[in-house]
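Visitor: Listed below, chain by chain, are the residues.
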Amino acid sequence: MSNSNHKPQASSPAVEVEEFLKTLDTFAEPVAESLPAGPQAPERPALPFQPDEDAGPLNQALERNFAKLLEYHYTAHTSVWESLAPFPEGAFRTSVKGLMSAQLYAFRDADRLRFDYPVLLPENSADHWRLSLREVVDGLLEALADKEEASHLKRALLRVERHIKLLLPKKNGEHLSALWRKAAAAVGKESGKDASKLADELAALGKSLGVDGPLFGFTPDAPTRILGAAGQYDWHRRVAAFASELGDLLNAVSGILAADQAHSPEAHSADTLHAALGKEGSGDFDLDAFSSLLQTGKGGDGLPEARRRRIEQVLKDLKAGQKWFGGHPVMAEIADSCKGALALSRERESTFLAFFKAVHIARLEVANRYDAAGHDAFYQEFDRTALLPEERHLIPPVILSLSPEKLDAAETGALLEILNADLNIKVLLILDDFFGRPDGAKTFWQPGVAGKLASMAMNLNHAFVLQCPGANLDAMTRGFEDGIAFDGPALFAVFQPEAEERTALPAFLRSAAAGESRLMPAFTFHPGISAGLANRLNLAATPQRSALWPESSLTFLNGETEISVSLPYTPVDFLAMDGRFDDHFVAISGQVENERLLPVGEFLARSPETIERALPYVLMVDEDGRMFKVITTRAIIATARQLGESWRHFQELGGINNSFVSAILEEELARLKAEHQAEIEALENNHREEMERSLDQLGKDVVSRIAAGLLSEGPMSMAAMPVAPAAPKPKAAPEPQPAAAPAETAAPEPPAPAAEEEESIVVEDAYIDTPLCTSCNDCISLNSQMFAYDANKQAFVKDASKGTFRQLVEAAEKCPVHIIHPGKPVNPDEPGLEDLIKKAEAYN
Amino acid sequence: MFNVSLENLVDIDLEQYSLQDYQGSTPRWCSGCGDNAILSAVQKLCRDEQLPPEKTVFVSGIGCSSRFPHYMKTYGFHGLHGRALPIAQGIKMHRPDLHVFVNMGDGDCCSIGTAHWIHALRYNMNMVAIMHDNGIYGLTKKQASPTSPKGLVSNTTPQGTYMEALNPAMVNLGVTNVSFFAQAVEWVPDMLNDIISQAYHHRGFAFVRVLQRCPHFTPTMFDPLLSNPNNILVLEHENGIKLSEAAGRIYKNHESHDPSDIQKAREYAGRHDIVPVGILYRNPEVPCYDEIRRPKRVFTPEMKEAVLNREFDKFSVDIDSSEG
Amino acid sequence: MQDHSETDTRAANILESSGPIQLKEHVVEIVSDAGEGAQTAGQSFGAISARMGNGVWTVEIIPAEVEPPPRTAAGASGIRIRIGSFYITNPGNGADLIVAFNEQALLGRLEGGHLKKSCMILLENKWRTHSNPAISQQYIETYDRLVGEGYKIVELPLEAECLKYTDRPQRGKNMFVLGVLSSIYTRELDIARKQITYAFRKKGQKVIDVNVKLLEGGYAWAQGNVDLRYEVPSTGNTDPQIVTNGNVATGLGVIASGMDICAMYPITPATSASHYLSEVFEDAGGIVHQAEDEIAACAFAIGSSYAGKCAVTITSGPGRALKTELIGLAVMAEIPLVLVNVQRGGPSTGLPTKVEQGDLMSAIFGEPGDAPKIVIAPATIEDCFYSVITARKIAETFRTVVMVLSDANLATGQQPFTRPSFNKEWLAPPIDQSPIPAGTKPYDWDPNTGLSRRFIPGQPGGMHTVTGLAHTQEAKVAYGPGVNQSGCDHRSLKLAAFQKTLKTPTVFGGDEGDLLLVGWGSTKGSIEEAVTNMREAGLKVSSLHLKFLNPLASGIKEILQRFKKVICVEINYSDDISHPMINEDNRRYSSLAWLLRARYLVDVDSWSNVQGQPIKPGEIEDMIRDQFDKSGK
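Listed in order, the protein sequences are those of chains A, B and C.
Anchor point for the first sequence: position 220 equals 220 in the working numbering, and the numbering is continuous, going up by one each time.
Here the working numbering = 1-based position in the second sequence + 1000.
Here the working numbering = 1-based position in the third sequence + 2000.
To be clear, the hints were calculated from the coordinates, so they are not data collected in a lab.
We put the CB at the ideal spot given by N, CA and C, even for glycine.
Where hints are given, some of them may not hold.
The calculated DSSO-like cross-link candidates involving lysine-lysine, where the alpha carbons are at most 30 Å apart (straight line), are [said to hold, decoys possible]: (1) B/Lys1314 with C/Lys2500; (2) B/Lys1142 with A/Lys814; (3) C/Lys2213 with C/Lys2164; (4) B/Lys1055 with C/Lys2441; (5) C/Lys2213 with B/Lys1314; (6) B/Lys1252 with A/Lys814; (7) A/Lys323 with B/Lys1296; (8) A/Lys154 with A/Lys171; (9) C/Lys2476 with B/Lys1055; (10) B/Lys1142 with C/Lys2476; (11) C/Lys2424 with B/Lys1296; (12) A/Lys319 with C/Lys2424; (13) A/Lys97 with A/Lys170; (14) B/Lys1252 with A/Lys839; (15) C/Lys2194 with C/Lys2024; (16) C/Lys2557 with C/Lys2500; (17) C/Lys2565 with C/Lys2500; (18) B/Lys1314 with C/Lys2203; (19) A/Lys97 with A/Lys68; (20) C/Lys2206 with B/Lys1314; (21) A/Lys154 with A/Lys207; (22) B/Lys1314 with C/Lys2424; (23) A/Lys316 with C/Lys2424; (24) B/Lys1296 with C/Lys2202; (25) B/Lys1296 with A/Lys316; (26) B/Lys1314 with C/Lys2557.
If the Cβ cut is set under 10 Å, some of the chain B residues that face chain C in the computed set are [said to hold, decoys possible]: (27) Pro1069; (28) Tyr1071; (29) Arg1310; (30) Ser1316.
Computed spacing ranges between beta-carbons, pair by pair [claimed, not checked]: (31) A/Ala306 with B/Arg1249: 52 to 60 Å; (32) B/Ile1292 with A/Arg181: 41 to 49 Å; (33) C/Asp2444 with A/Asp376: 47 to 55 Å; (34) B/Arg1203 with C/Thr2506: 57 to 65 Å; (35) A/Ala670 with B/Asp1048: 54 to 62 Å; (36) B/His1272 with C/Thr2072: 52 to 60 Å; (37) C/Thr2504 with B/Arg1203: 55 to 63 Å; (38) B/Gly1270 with C/Pro2266: 30 to 38 Å; (39) C/Gly2035 with B/Ile1292: 53 to 61 Å; (40) C/Thr2506 with B/Gln1050: 28 to 36 Å.
Please build the complete structure, drawing on both the sequences and the hints.
Guide: This is how it looks when you write it as structure tokens:
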């Protein structure tokens, strides 16, 4: 099955959901009719709408109550409701419970949504370590795409998918194969006629999948399971290559002992010979004679005792480590506290240090490169710095799954230690809330510390960090993969809320919405990437990351007309659906119009003085699809601003809309503009001056020409042309000298030009063009005191005085590549020099 | 975290090999013999590559050139006339961890061992083969060899050889699977070193023909090349050899030749007016017989036992075990 | 040759007999044109018999050409199966029953003297009505002639019957024949079915089904139409057994010895050993390298031996000759090497597919100079397996060449033998890469044994250059007078030391007596069968079989001297002393006889031929009788 078409869409998960909703619609409509089980979809309009009624009274009511509403906005005092002038019936709600953000209206029916959960963690699959059920079903649909006769199966498959999802809350973690069987039977039963045939066909399709494993819904423990699977898969892959090397190494090391054994007295015993020669063969031999013959024969010495002991120890350590790299790799135990994880990791490291020490020594032993003099001391001190990066990678990580409640002071300290240490601990922090009320006081709910651990960890610049909503499965799993591959600690902060009464949103959507609203920007931070902070910090998984808020368009009905508006999704939208903040929201019919009523996006963007008397609102929809403008309080706006600022902080770190860069850019732009302007001005000035000068000259020329004409009567003289003044004659001219001493320089031998003289230096000392020497031994064998080889075995004149000039010349004559230059004789008394010097000339 | 690998530490511990570590017995070649130059080029290669002497094997045939292994302080196999290549193949097939070099003379390679030469090219096993080509049988005292120039007077051809010399370059470049062919002259150390080094780094069978002077029997054979360096055409390329400054002063006749171009290589090989020197052809993509054939894993006694038992089952008279 | 009529009278009684006739042994042949599957049928029949507990020997009858012309005596292809209620060691004498797919192939066997006078003939009769009158006439003439000569012939409507089961009867009749034989020899049909399933396991279920039907068809047809029932009781041996031919056993031995490289060049009849190895060697980490020629194959093996574990090269006589120089090199450089020579008829290219023991002298003395090496000759198919294991072990232990002299008789013969039980000591040890202690010499010859420890490339401190030239203990080339003498001494010493480990071979028969037959290699079964029979007839004849031909074990001279006459029985050339040109001054003896005469100064006679056939026990018996007749006993 291919999942290539399910590659992450870096855009918002909401968009993805929307797309799949469409997919579902194309297949699901006919199915829905024949679905007796499952909640009946209520009759509803396709789009949210504003009641088609007279807005006049509504606007008047708003106008009348505006001051009160402003008071509410500033104080969040619900007591203001008591003194409000009445709104038309149904146009005003003091509670927003049951309303839904307009942007999420399309996804209101959780049962009909197809998204990344349930997720399958395949066992024994070489290609995948996780797949969503949706991908599995889509794979089948794709396979059936061209088969006309299978169209009934296509629909039925989607129903199997839904059945599995319906089964899952009770069967979380059960194997796909089992769930599939049950769902196939159920879908078969629903179809009525040919029930068993359809069930069989579906069951067969299930068997054809080729993957199986536990299936998990969007539950709080899902990230832990997924991380475990990622770790297992990753380690399994890395281990595969090493396991085979380890096998070879073990073989080779035991081979050293076996090869030695072959020279031993035992190997030469009659018994061993009997076995070695084969049953039939040995009958022909006098085995005792054979044995004693070999005992007397020279076998050479055996292994030195120290080496034997070392190899035996290495073998023992290697074998002890082999269990980690056998058929089923032992993945990390999951620790339950930071302290526990630290202890476990340190213990494991010492185990593996001993193992890898053995691996290193084994490699050296096999290559005969173990040198006791140096290596003994080195291996005494063997610590983690001696491990190669790929070896550190072979130490299975300790995985720690942490809930924020457990983070007391001691644990927080230990967590910091983990994140700052060279230990392979991967911490998974599962968040289900961002808000806390300090000490249970009745103060406003504030974003808690737990939600900020990821950005804190990032600032340590040592650990890999992932933060993302669990709903973004792709971002999360890619983060897990990278974090596990990272050689060091990692923190994964995942927003994975439980389904809760206080909010109308299903947990999955709530998680996705947290990402959209910038409450939980999705990012990874990889300290191993060296090229700049902006590369280390990756915000790609946050939707519309260049924007402050992600915008989406909303179409609704205003009376009979469809209206499309572009809406940002802000923390205000998100908080409006969190029951705990119900007191901070009040809903008025969507039809209300007032220029001081501002959409939240605009409100947040405006300068403070322009919004003093304005009210911010978000759009929400009730169960019937009716739209409301939901006004909020200053406290909520302040939180939104704070979250917006945090997000801006991320953006800047990630290189998006960086204020420093912007400032520089602006400055630079201004400077360039100014320069440009100055240049233009300069050019203009120049031009003007030039013009003026030309005009001036022209004027003068005209005057002088007239004058000349007047004086000479003849045709215009060239001299009169405006030319540059003639250069003065050079003063240091050598002309006078030749005239001074012509006789002296008339020597018969003209001096050679200087350049030529440089090329043919007259050689005084003998030398050899060493780089061209072919090491033929000719000169060396002539006189090995005079000539010698250098470190490259090429000849040079070591000492010309250690022989005669005659030898030098002879060597030069003999040298096959003519690179010996005899120079001039050292000893002027050597006989026959005249002749030799003549001969030498040819080689100098 | 410190990115320190153990291998580095170990290398620091161990002494570096020097040229002396590769020098065996003192060569007994004639004074002025070109084999000396090849020997020192090869020793330099070993030192530069720091080849562990115990992991290096020189295989030779018979002849002056084939004394080569004795002058190395590595493992050596001074075998039979013409048979160096198959011996080297047996070594390499069994022991991929060994660096295998082959030294042959022109008689060794192009006459008595021709079949092995052709097939060695086709097998393309990982090793370096150096043919010391002096165009004469030296050890047996001056008989014509296949590469003797036409008309060469020798003890078996007192009227001069009758036929044109065999062109080893053309033969090499005509055999299926040829993957590296270079030609060198021993009297230009820079180029010789460069070529031998590139041959060593080649994946596959690297064949280097080195023109080599025999000062005793054919002292003037290469005079046209020595006295007129322009008779040598140096083939340069970024993927081939680069002329050093020193050699460039003497060898002014050079052209750029891309060693991946076999057609062009064959053209150069066929030239009679000049002697091409450099890497004529190189293709590291040619499959290597040793890499294809060699077992991919280590076989334990248990694995061998399992195969034997499977085979015994196959031939078993007992029906049940033969079907098991 | 005398006709043994023991079974003749029984044959005559067949028709009257009610139950199956109990036999001690029987020789069956199936002959056909090439490609008609006679060999598959015969091998299956042998295997079925082995599975029923019989001693079995099968040997293929192979024409020299790949596709000889059909219906010719020389082109006959086929198989001989000898089954018995005792351990069968040789192909036996004349055939007791022959199935012929055409009368020309039958004539080939008859005229070659391979059939007993009493041989029962089952003959395909489609030729009788052949559209070509020349053919039908040939058939009728032959049939009538043989009947006239007293042969009992059962005509088989082979292809006609097969048409009932397949539309390609010419390809299916072999299995029909297997069915017929299974009926005649009261084989268990179920075992036969399983055997077919096994034989065609690679061809798929459809092919298996058709062949089983043909088998059952042949069985049923014979039940109704052939009134012959034999029973050859089991030997009673219940050890687990395997059946292979000698070349497969050699291949198995190569794997079992732990050798990793087999280098070879195709040559009959050795090649099938390499075929088998090529099929399975890689599964055990081995490589079969088919080199460009025999010389390269040997060089390749020596190269890999030098660099690590001992390697093997498998060849036949002409190939061995080409390897001569390299064998000398391995001896000189003391590089272990196992060379398997599956001998064929010589000289020159000689008789590629036929049996001869012609390479003994060249094995021992074939190299220039003194090249001492060990020569072993397996005598049975089981021996082929174990000899390779032994050869590897002693080649490495003694740093020398070990030649294993098999022959075409063993190569193609099949015989069940006790299933070997793996022993890890068989395997070569891992390649020694430990450092060589300073001061150790590459030829650190022990003065008493000549043994020294081999340095293998990769061993630090052991760097040296091996050479085929005379060399010192340091492996330095040296031509001084003492150097070569010393080298030769020490290499020879190894052989002497090895010789001390050999047990004196056991005499078969009596420790002393009138006549001792001495043999080596594949003739053992026939010789000992003849000796057994003649001793039963009261003659004081014994035999001695030599497995180690070089060096010869101690004590042989004493054995020879205890007999009044010693004759070497071999399949290689010797002059016939009765020829007027031949006398004791110029007679050329058979190979082993030369050796024994030279070494022991005893009078050893030769009885040998080079007809390319395995020696039959009956022929030896005739010779023994002649000897006793001559000496008047």
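Visitor: For each hint, tell me whether it holds in the structure or not.
Guide: Quick rundown of the hints versus the structure:
A distance of roughly 39 Å separates the Cα atoms of B/Lys1314 and C/Lys2500; the hinted pair therefore is violated under the 30 Å criterion. Our distance criterion of 30 Å between C-alpha atoms is met by B/Lys1142 and A/Lys814, whose separation comes to about 22 Å. Restraint check for C/Lys2213 and C/Lys2164: satisfied, since their Cα atoms lie roughly 10 Å apart, inside the 30 Å limit. For the given pair, B/Lys1055 sits about 18 Å from C/Lys2441 by alpha-carbon distance, which is consistent with the 30 Å threshold.
Distance check on the hinted pair: C/Lys2213 and B/Lys1314 sit about 24 Å apart at the alpha-carbon level, within 30 Å; holds. Pair hint B/Lys1252 plus A/Lys814 holds up; C-alpha atoms about 25 Å apart against a cutoff of 30 Å. Our distance criterion of 30 Å between C-alpha atoms is met by A/Lys323 and B/Lys1296, whose separation comes to about 23 Å. A threshold of 30 Å between alpha carbons decides the hint, and for A/Lys154 with A/Lys171 the separation of about 25 Å falls inside it, so the pair holds.
At most 30 Å may separate the alpha-carbon atoms for a hinted pair to count; C/Lys2476 and B/Lys1055 meet this at roughly 20 Å. Distance check on the hinted pair: B/Lys1142 and C/Lys2476 sit about 25 Å apart at the alpha-carbon level, within 30 Å; holds. A hinted pair counts as satisfied when its Cα atoms are at most 30 Å apart, and C/Lys2424 with B/Lys1296 qualifies at roughly 22 Å. For the given pair, A/Lys319 sits about 21 Å from C/Lys2424 by alpha-carbon distance, which is consistent with the 30 Å threshold.
For the hint linking A/Lys97 to A/Lys170, the alpha-carbon distance of about 28 Å falls within 30 Å, and the restraint holds. Between the alpha carbons of B/Lys1252 and A/Lys839 the distance comes to roughly 27 Å, so the proposed pair stays at or under 30 Å and holds. A threshold of 30 Å between alpha carbons decides the hint, and for C/Lys2194 with C/Lys2024 the separation of about 26 Å falls inside it, so the pair holds. Taken as a hint, the C/Lys2557 and C/Lys2500 pair is honoured in the structure, with Cα atoms around 15 Å apart against an allowance of 30 Å.
Only pairs whose Cα atoms come within 30 Å are accepted, and C/Lys2565 paired with C/Lys2500 is accepted, the gap being roughly 27 Å. A hinted pair counts as satisfied when its Cα atoms are at most 30 Å apart, and B/Lys1314 with C/Lys2203 qualifies at roughly 16 Å. A distance of roughly 22 Å separates the Cα atoms of A/Lys97 and A/Lys68; the hinted pair therefore holds under the 30 Å criterion. A C-alpha spacing of about 21 Å is found between C/Lys2206 and B/Lys1314, which places the hinted pair at or below 30 Å, so the restraint holds.
Taking the CA atoms of A/Lys154 and A/Lys207, the gap is near 16 Å; set against the 30 Å cutoff, the hint holds. Straight-line distance between C-alpha atoms of B/Lys1314 and C/Lys2424 comes to about 20 Å, which keeps the hinted pair within the 30 Å bound. About 22 Å separates the Cα atoms of A/Lys316 and C/Lys2424, which keeps this hinted pair within 30 Å; it holds. With a C-alpha separation of about 27 Å, the suggested pairing of B/Lys1296 with C/Lys2202 holds against the 30 Å cut-off.
A distance of roughly 26 Å separates the Cα atoms of B/Lys1296 and A/Lys316; the hinted pair therefore holds under the 30 Å criterion. With a CA separation close to 44 Å, the supplied pair B/Lys1314 and C/Lys2557 exceeds the 30 Å bound. Using the Cβ-Cβ criterion of 10 Å, the hint placing B/Pro1069 at the interface with chain C is satisfied: the shortest such distance is roughly 4 Å. Evaluation of the B/Tyr1071 hint against chain C yields a held restraint, the C-beta minimum of about 9 Å falling below 10 Å.
Using the Cβ-Cβ criterion of 10 Å, the hint placing B/Arg1310 at the interface with chain C is satisfied: the shortest such distance is roughly 8 Å. Residue-level restraint check for B/Ser1316 holds (minimum Cβ-Cβ distance to chain C is 5 Å; threshold 10 Å). Taken as a hint, the range 52 to 60 Å holds for the pair A/Ala306 and B/Arg1249, whose Cβ atoms sit roughly 57 Å apart. Taking 41 to 49 Å as the suggested C-beta distance range, the pair B/Ile1292 and A/Arg181 conforms, at roughly 47 Å.
Evaluation of the 47 to 55 Å hint for C/Asp2444 and A/Asp376 yields a failure: the beta carbon distance comes to about 30 Å. A beta carbon spacing of about 58 Å between B/Arg1203 and C/Thr2506 agrees with the range 57 to 65 Å that was offered as a hint. For the pair A/Ala670 and B/Asp1048, the beta carbons lie near 59 Å from each other, so the given range of 54 to 62 Å is met. The hinted range of 52 to 60 Å is satisfied by B/His1272 and C/Thr2072, whose Cβ atoms lie roughly 58 Å apart.
Between C/Thr2504 and B/Arg1203 the CB atoms are about 57 Å apart, so this pair conforms to the stated range of 55 to 63 Å. Taking the beta carbon of each, B/Gly1270 and C/Pro2266 are about 36 Å apart, inside 30 to 38 Å as hinted. C/Gly2035 and B/Ile1292 have their C-beta atoms about 34 Å apart, which leaves the hinted 53 to 61 Å range violated. Take C/Thr2506 and B/Gln1050: their Cβ atoms lie about 60 Å apart, and the range 28 to 36 Å is violated.
The structure fails hints 1, 26, 33, 39, 40 (numbered hints given earlier, in ascending order).
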